[in-house]
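Chain by chain, the residues run as shown.
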Amino acid sequence: MNELVLSKNAVTPWIADLLDGGSEVIGVKTYHGKYRYEKLEEVNEAVLNYDVTLQSPKKFIFPPREELVAFTGTEGRIPARESKEQIIFGVHPYDIHAISLLDEVFRDGPQDPYYLDLRERTTIVGVDVTRPSINAFCSSMGTATAETGFDLMLTEIDGSYFVRVGSEKGSRILPTQAVRKPSDLQRAQFHKEQDRAWSLFALNKVVPSVKDLPMLLEKNQHHPVWEELDKRCLGCGSCNLVCPTCYCFDVKDEMALDLSGGVRYRTWDGCLLKDFTRVASGEVFRESRAHRNKHRFFRKGKYMLERYDKPGCVGCGRCTTHCLAGINPVEVFNAMAQKEV
Amino acid sequence: MQPAEQMKSPYLPEKATVKNVVPLTATERLFTITLDNGRSLGHIPGQFVEVSLFGIGEGPISISSPPAEDNSFELGVRAAGNLTRAMHGLAVGDSLGIRGPFGNGFPLQALMGKDLLFVAGGIGLVPLRSLIKYSLTHRDAFGRIIILFGARSPKERLFTDELTHWSSRVDVEFLETVDRGDESWTGNVGVITTLFKKISIDARRTATLIVGPPVMYKYALLEARAKEVPKQNIWLSLERRMKCGLGKCGHCQINNYYVCQDGPVFALSQIEDKEEAL
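Protein sequence lines, in the order shown, are assigned to chains A and B.
Letter by letter, the first sequence follows residues 1 to 341 in this note's numbering.
Letter by letter, the second sequence follows residues 342 to 619 in this note's numbering.
These aren't lab readings, by the way, just hints derived from the structure by calculation.
Possibly wrong hints are sitting among the right ones.
Computed cross-link-like contacts, DSS-like style, restricted to lysine-lysine with a CA-CA straight-line distance of at most 30 Å [to be verified]:
#1 349(B) - 360(B)
#2 252(A) - 455(B)
#3 572(B) - 219(A)
#4 252(A) - 8(A)
#5 219(A) - 310(A)
#6 572(B) - 538(B)
#7 310(A) - 615(B)
#8 231(A) - 615(B)
#9 615(B) - 274(A)
#10 211(A) - 59(A)
#11 192(A) - 339(A)
#12 205(A) - 84(A)
#13 559(B) - 231(A)
#14 231(A) - 205(A)
#15 192(A) - 34(A)
#16 455(B) - 302(A)
#17 360(B) - 474(B)
#18 310(A) - 349(B)
#19 349(B) - 219(A)
#20 339(A) - 349(B)
#21 169(A) - 349(B)
#22 356(B) - 474(B)
#23 211(A) - 310(A)
#24 360(B) - 252(A)
#25 559(B) - 274(A)
#26 455(B) - 538(B)
#27 219(A) - 559(B)
#28 211(A) - 356(B)
#29 360(B) - 302(A)
#30 274(A) - 252(A)
#31 84(A) - 360(B)
#32 59(A) - 349(B)
#33 219(A) - 302(A)
#34 559(B) - 455(B)
#35 302(A) - 568(B)
#36 231(A) - 84(A)
#37 538(B) - 568(B)
#38 252(A) - 538(B)
#39 211(A) - 192(A)
Start from the sequences and build out the full structure, keeping to the hints where you can.
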């Protein structure tokens, strides 16, 4: 992998160049004391030392509303699509892992051309975590750092960024100035920072290892923790909305006001919502919140891992942060590990 | 923005035309459909299509006919939701959209040479009919053909001409019942499971194919198991909300299965340990 060093004060001119380059540049901005991904308008808006963003960058490659078919009367066609390139700047390793999982999902079996088209036009510039979110448990899920899934990856070392180039796309947007080969010392500092990243998440630790989660869940289908979640969960679906690896969607039609035609679009859906499994006869296949929670945790800890060989949870902790009932995956997994039934 | 003509989308339905509409009951109709591009749907019994009416939406509908030489296929549809109610407004010559076929269908190879015991509860006859008719067309490829059919009431019996035909055939054993009779009904009264007592089968060579409302499976399975049909020879077609048909949208998931891709037909041995299946 090609490695470079970029002085910290070269970052701002670099982003200025990117903004001038014709691509949409999306970065992390402050937002009422929190952080969120947004289109950058000004150079100095971008934050790199954030803890976690409210939403993951998922929404820029898998939009909350995406038109699939446009129709006039009974004639359907694929809607016109945006053709602009986009650069997502400052993505944390756990979100990079989440995007890699989404890549697998939408490439596997019948491919999803909408996702793949947008993904193809997206360049990901990652940055390693320097201060962890209070609810994150990335070291437990194997996502504290990333080896692949980025086009460029920045790691802060002593007044500079150590830059790894992950793809041709990444090398195309490298800043022309202030880039040089890392020294042995800088490379040693980089490795030290990578090791340190894994210790940042020591506060929250899932006791079983990722590879043991499928078996743990399988053995604990009737663990009391599910009934406990039934009582606490409000069934609001916030966890689904903020999860970087949730990708379930509904498909809906919307008519134009003159009724001459309209669009069929997909929109994010959530398995914690009761109507998620409802069929025309009225039957709901996951009636209780215990059951719906169980489905979500099995998907994250077992089904995705078995199907795609990657855990369905990247440990970002956003679901814990946003859950009104304080449901925390670390506690759920550990409850099963501590007292198996 | 740029036109996306070069992109191929699995979400873009093929245009199709209603060739015939036959009322089956007060709430069910049978539509005969062909694709406008002349393509054969290329389905096998037990698969489904996504039916699309632009502006209303899209939904999964079982194919009710076996593969036909004239490239047409049949969909038996109960007016239950927005889409199916709108479908009931379609007349001969009207357009609709079709995606598919989707799903695995019935395991024809595994069924060849076996006795077939069909258990159809109400609208469950609609998907099973594709295989019943297939097995009658290829009659020599199968052993006994036993059909058990249960409807809630005489008025809700589907495909009544075909029921009469099946009961008249010497190479088909046909038994039916209704949950509640009426003044004109002289046949069996009782739930479908009562019909199991009236038949004897050779469990080792019988494949049982069960389709019905969710509540029926538990009881029908008890009867099939009481007759000692092996779990790998009991096949069920499960209803879920297959929205995309592509194993992506998540709505049809039963534990780690996607019904739209891995099903809708499952052997009991595949799903008996899946808490969400039955």
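Here's how the hints hold up against the structure:
1. Among the hinted pairs, residue 349(B) with residue 360(B) is consistent with the structure: their alpha-carbon atoms are about 28 Å apart, no more than 30 Å.
2. Of the pairs offered as hints, the one joining residue 252(A) and residue 455(B) is violated, with about 43 Å between alpha carbons and a cut-off of 30 Å exceeded.
3. For the proposed pair residue 572(B) and residue 219(A), the alpha carbon gap of about 23 Å is at most 30 Å, so the pair holds.
4. Proximity of residue 252(A) to residue 8(A) is assessed by CA-CA distance (about 47 Å); at most 30 Å being required, the pair is judged violated.
5. Between the alpha carbons of residue 219(A) and residue 310(A) the distance comes to roughly 20 Å, so the proposed pair stays at or under 30 Å and holds.
6. For the proposed pair residue 572(B) and residue 538(B), the alpha carbon gap of about 20 Å is at most 30 Å, so the pair holds.
7. Under the criterion of a C-alpha separation no larger than 30 Å, the hint pairing residue 310(A) with residue 615(B) is consistent with the structure, at around 22 Å.
8. Note on residue 231(A) and residue 615(B): the hinted pairing holds, with a Cα-Cα distance of about 24 Å set against a maximum of 30 Å.
9. Of the supplied pair hints, the one linking residue 615(B) and residue 274(A) holds, its CA atoms being roughly 20 Å apart against a limit of 30 Å.
10. A threshold of 30 Å between alpha carbons decides the hint, and for residue 211(A) with residue 59(A) the separation of about 28 Å falls inside it, so the pair holds.
11. Distance check on the hinted pair: residue 192(A) and residue 339(A) sit about 37 Å apart at the alpha-carbon level, beyond 30 Å; violated.
12. For the hint pairing residue 205(A) with residue 84(A), the CA-to-CA distance comes to about 41 Å; that exceeds 30 Å, so the pair is violated.
13. As the CA atoms of residue 559(B) and residue 231(A) are separated by approximately 28 Å, the hinted pair is consistent with the 30 Å bound.
14. Proposed proximity of residue 231(A) and residue 205(A) is supported: the alpha carbons are some 24 Å apart, at most 30 Å.
15. In summary, the hint linking residue 192(A) to residue 34(A) is supported, as the alpha carbons are separated by about 28 Å, within the 30 Å threshold.
16. Straight-line distance between C-alpha atoms of residue 455(B) and residue 302(A) comes to about 37 Å, which puts the hinted pair past the 30 Å bound.
17. Simply put, residue 360(B) and residue 474(B) have alpha-carbon atoms about 20 Å apart, close enough for the 30 Å limit, and the pair holds.
18. Straight-line distance between C-alpha atoms of residue 310(A) and residue 349(B) comes to about 28 Å, which keeps the hinted pair within the 30 Å bound.
19. Only pairs whose Cα atoms come within 30 Å are accepted, and residue 349(B) paired with residue 219(A) is rejected, the gap being roughly 43 Å.
20. Among the hinted pairs, residue 339(A) with residue 349(B) is inconsistent with the structure: their alpha-carbon atoms are about 51 Å apart, more than 30 Å.
21. Between the alpha carbons of residue 169(A) and residue 349(B) the distance comes to roughly 25 Å, so the proposed pair stays at or under 30 Å and holds.
22. Of the supplied pair hints, the one linking residue 356(B) and residue 474(B) holds, its CA atoms being roughly 26 Å apart against a limit of 30 Å.
23. A hinted pair counts as satisfied when its Cα atoms are at most 30 Å apart, and residue 211(A) with residue 310(A) qualifies at roughly 10 Å.
24. A distance of roughly 27 Å separates the Cα atoms of residue 360(B) and residue 252(A); the hinted pair therefore holds under the 30 Å criterion.
25. Proposed proximity of residue 559(B) and residue 274(A) is supported: the alpha carbons are some 23 Å apart, at most 30 Å.
26. In summary, the hint linking residue 455(B) to residue 538(B) is supported, as the alpha carbons are separated by about 21 Å, within the 30 Å threshold.
27. Straight-line distance between C-alpha atoms of residue 219(A) and residue 559(B) comes to about 24 Å, which keeps the hinted pair within the 30 Å bound.
28. Under the criterion of a C-alpha separation no larger than 30 Å, the hint pairing residue 211(A) with residue 356(B) is inconsistent with the structure, at around 47 Å.
29. Our distance criterion of 30 Å between C-alpha atoms is broken by residue 360(B) and residue 302(A), whose separation comes to about 46 Å.
30. With a C-alpha separation of about 18 Å, the suggested pair residue 274(A) and residue 252(A) falls inside the 30 Å cut-off, and the hint holds.
31. Among the hinted pairs, residue 84(A) with residue 360(B) is inconsistent with the structure: their alpha-carbon atoms are about 44 Å apart, more than 30 Å.
32. For the hint linking residue 59(A) to residue 349(B), the alpha-carbon distance of about 23 Å falls within 30 Å, and the restraint holds.
33. A distance of roughly 12 Å separates the Cα atoms of residue 219(A) and residue 302(A); the hinted pair therefore holds under the 30 Å criterion.
34. For the given pair, residue 559(B) sits about 24 Å from residue 455(B) by alpha-carbon distance, which is consistent with the 30 Å threshold.
35. Simply put, residue 302(A) and residue 568(B) have alpha-carbon atoms about 36 Å apart, too far for the 30 Å limit, and the pair is violated.
36. For the proposed pair residue 231(A) and residue 84(A), the alpha carbon gap of about 47 Å is over 30 Å, so the pair is violated.
37. Among the hinted pairs, residue 538(B) with residue 568(B) is consistent with the structure: their alpha-carbon atoms are about 10 Å apart, no more than 30 Å.
38. The suggested pairing of residue 252(A) with residue 538(B) is violated, with an alpha-carbon distance near 47 Å, which exceeds 30 Å.
39. Note on residue 211(A) and residue 192(A): the hinted pairing holds, with a Cα-Cα distance of about 26 Å set against a maximum of 30 Å.
Figure legend: structure checked against the earlier numbered hints; hints not met, in rising order: 2, 4, 11, 12, 16, 19, 20, 28, 29, 31, 35, 36 and 38.
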